[in-house]
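Protein chains in written order, with the numbering used here: chain A, 113 to 380; chain B, 352 to 825.
Among the clues, some could well be false.
Capping the alpha-carbon separation at 20 Å, the derived lysine to aspartate or glutamate pairs in EDC-like fashion look like this [stated by the list, open to error]:
{"#": "1", "chain 1": "B", "residue 1": "LYS360", "chain 2": "A", "residue 2": "GLU335"}
{"#": "2", "chain 1": "A", "residue 1": "LYS313", "chain 2": "A", "residue 2": "ASP364"}
{"#": "3", "chain 1": "A", "residue 1": "LYS275", "chain 2": "B", "residue 2": "GLU390"}
{"#": "4", "chain 1": "A", "residue 1": "LYS342", "chain 2": "A", "residue 2": "ASP215"}
{"#": "5", "chain 1": "B", "residue 1": "LYS367", "chain 2": "A", "residue 2": "GLU211"}
{"#": "6", "chain 1": "B", "residue 1": "LYS791", "chain 2": "A", "residue 2": "GLU211"}
Hint data in this document are derived by calculation from the structure and do not stem from the laboratory.
Predicted model, so just to flag it, every value in this text is computed and none were measured.
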Amino acid sequence: MNNNKLNNCADCPIHNIGNLKKLGINMNNFDFVVALAGNPNTGKSTIFNYFTGLKQHTGNWPGKTVTKSEGAFEYSSRKFKLVDLPGTYSLLSTSTDEEIARDFILFGQPDVTIIVADSTRLERNLNLTLQILEITDRAVLCLNLIDEAKRNGILIDDRLLSKELGIPVIPTSARNGQGMNELLNVIFEVATGRYLCKPFKIKSKSKDLNSAIEEIVELLNEEFPNLPNKRWVALRLLEGDQSIINSIKTGDLGNIYKPADLSVKENI
Amino acid sequence: MSQLANRDKIISTANKLRWELGDNLYDALMETIYENASEISSKVIIYSDKKPPFNLDRYLDKILTSKYFGIPIMFLMLFIVFWLTISGANYPSSLLSLFLVDKVHPFLREVLLSLNLPEWFVGVFIDGAYLSTAWVVSVMLPPMAIFFPLFTLLEDFGYLPRVAFNLDSIYKKAGAHGKQALTMAMGFGCNAAGVISTRIIDSPRERLLAIITNNFSLCNGRWPTQILIATIFIGTLVPPYLAGIFSAGAVIFVAILGIALSLIVSFFLSKTLLKGEVSTFSLELPPYRPPRIMQTIYTSLINKTIFVLWRAIVFAFPAGIVIWTISNITIQDNSIANHIISMLNPLGLFLGLNGVILLAYIIAIPANELIIPTILMLTVSYLGMNEFSAGSGVLFELESVEDISNILRANGWTLLTGINLMIFSLLHNPCSTTIFTIFKETKSLKWTVISTFLPIIIGLSLTFLITRIWSLFN
């Protein structure tokens with residue numbers, strides 16, 4: 113019964129999962145790059161398989177995915193390249209799998225980052241979400257395992273959460289295909305710029321820290337005006353992150369960012 | 352020039368400000384993130400009043416990770432999986448070989464010969480390449496098609512992190528990382544995959560330990576050897592109705608020996624070459640999830656089984672050509688293979704093995720899966736057993752395990768040879784794919800060489816020791 117209600121949207125012509133074409137590993141001429149990030153064991157690979165039709169191995173344990181894998185799908189006649197990243201608890205640590213995830217979000221400049229969260233452990237998952245929102249402006253939060261949360265007596269006000277975070281929030285149960293239409297639709301909207309994210313920025317109470325960040329952001333503005341995540345770079349500089357310091361010395365930091373050519377993308 | 356000055360200014364300003372802010376910046380930042388996250392989540396989460404009356408997860412964890420039952424349950428599960436694999440694979444295996452080896456092979460031979468193709472051509476491709484490939488398929492496909500889905504079901508259910516939890520304290524005592532239990536479990540599927548999975552370990556020292564010892568996990572390419580030899584030499588020691596249980600028990604014993612050796616080697620390395628502190632880590636025990644049975648069976652069949660099988664076939668094809676060639680090119684009235692085998696035989700027998708086994712392990716370096724077919728082909732050609740063979744290096748009409756058993760026993764194999772082969776199959780160099788993966792992951796020639804030769808040294812010492820002890824009693 114419940115399922116019937118949920119699938120009403122799927123019958124609607126403009127909002128139809130039928131628009132999804134699973135392209136597998138055929139990644140030619142894609143329009144957008146979408147990354148899947150999140151804590152370990154939240155279902156990133158399950159979503160990856162659902163969208164691309166590939167059969168990445170999924171398993172119920174943290175650390176299943178240690179390399180990034182890529183696939184593609186088409187939705188509403190746009191081609192998306194989807195990158196499945198290893199799970200990570202934070203973007204500040206140093207193990208190889210977490211570095212892969214961090215470097216891709218930071219340097220790979222995905223058009224949309226899907227943050228996959230475990231709804232039964234929302235608070236801990238928000239820690240990573242907030243860090244990702246420092247790096248990128250275009251993100252979607254996917255509240256996965258929502259059915260499990262419900263079973264454990266946890267209800268989440270996803271609209272309020274969306275308002276708080278300034279990005280779309282979609283409750284899903286990827287294992288059962290629940291909420292995937294809605295997720296696809298917001299990925300499309302964020303990628304094409306129809307939905308403008310105004311992501312939550314970490315509010316530090318320390319005045320010294322805030323003014324230090326501002327001072328560096330100003331300097332970064334002069335040297336790398338196109339850099340999208342100056343606050344994050346400033347923070348990493350304050351922490352003495354050697355890889356970021358090196359990329360400033362060589363100027364690579366400025367080359368990483370390719371300004372999005374929205375005019376081309378908007379042409380349907 | 353001014354660009355460079357600007358960049359230097361950014362860095363020097365950051366350095367100056369970092370100095371001013373003090374060294375608790377990281378802590379302050381993390382604290383802020385945690386505060387923000389908890390503030391938001393407290394706004395949006397509504398806990399419903401009705402708590403679930405019975406928490407199955409917690410109850411299951413109490414049993415599965417219990418101090419007393421945890422490890423016995425783990426071995427029991429392993430046993431059940433192996434037993435189902437061994438007893439289930441026998442029949443489909445012999446059906447497949449009946450079809451591929453006894454029906455398709457003569458047919459292909461006749462078709463090609465009727466096309467007036469030269470005898471050597473038919474020999475290389477049909478008697479060599481095709482036959483070894485057919486053997487690999489019929490020996491490997493059924494056990495894999497049973498084992499992989501079973502293992503994946505356990506994995507999907509959420510059992511693997513519990514295994515890591517159970518073994519964590521033991522690994523810590525050996526000076527290794529608790530997550531090594533997880534990478535070891537991956538190694539049971541494929542050592543190359545196991546080596547890649549060590550990326551979840553942060554500390555380079557502990558990661559090296561996990562990489563070097565991963566080869567001690569019996570990978571799927573080695574089970575067919577274990578299962579077949581256990582069936583022939585261990586299973587026949589007991590009445591038929593107990594044969595399956597005893598064979599499975601022998602395979603489990605070898606698998607446990609591998610786990611024990613991985614601990615012992617980790618212990619010695621962490622006391623000598625890889626000294627250091629054990630790092631702490633947090634391991635998340637995910638909720639148990641009912642496995643999606645049909646989907647798991649489908650994906651593990653399509654994904655893993657076909658993938659591994661394909662790899663085996665790719666290696667079996669050229670290996671078959673090599674085997675046929677060295678069995679058929681003769682120097683001074685004897686084939687090259689026979690010369691090498693006669694040369695290796697004294698050393699092999701001294702180590703409790705024989706020349707055929709040593710040569711087979713040299714030919715099968717690319718893939719462990721090839722050991723059994725290679726041993727059989729070489730044995731037949733060495734003996735020149737014409738009742739089984741249609742010429743040198745050609746296998747015919749081996750419908751059952753008894754036939755294989757007869758061939759091996761005719762070549763002087765005993766229970767001791769069987770036991771030693773099982774031990775050596777656990778303890779020898781990793782396959783070429785794994786060696787290459789180790790090199791890619793460690794980027795060090797030294798550790799690659801150590802990972803390659805350490806198991807061979809241990810394996811040969813162990814088979815030698817077993818042979819000496821055996822000779823004391825016989």
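Results for each hint:
1. LYS360/B to GLU335/A: Cα-Cα ~10 Å, so holds.
2. LYS313/A to ASP364/A: Since the Cα atoms of LYS313/A and ASP364/A sit roughly 25 Å apart, the hinted pair is violated (cutoff 20 Å).
3. LYS275/A to GLU390/B: Holds, at roughly 14 Å.
4. LYS342/A to ASP215/A: With Cα atoms ~15 Å apart, LYS342/A and ASP215/A stay inside 20 Å; holds.
5. LYS367/B to GLU211/A: Violated, at about 27 Å.
6. LYS791/B to GLU211/A: 17 Å, holds
Consistency note: the structure conflicts with the earlier hints numbered 2, 5.
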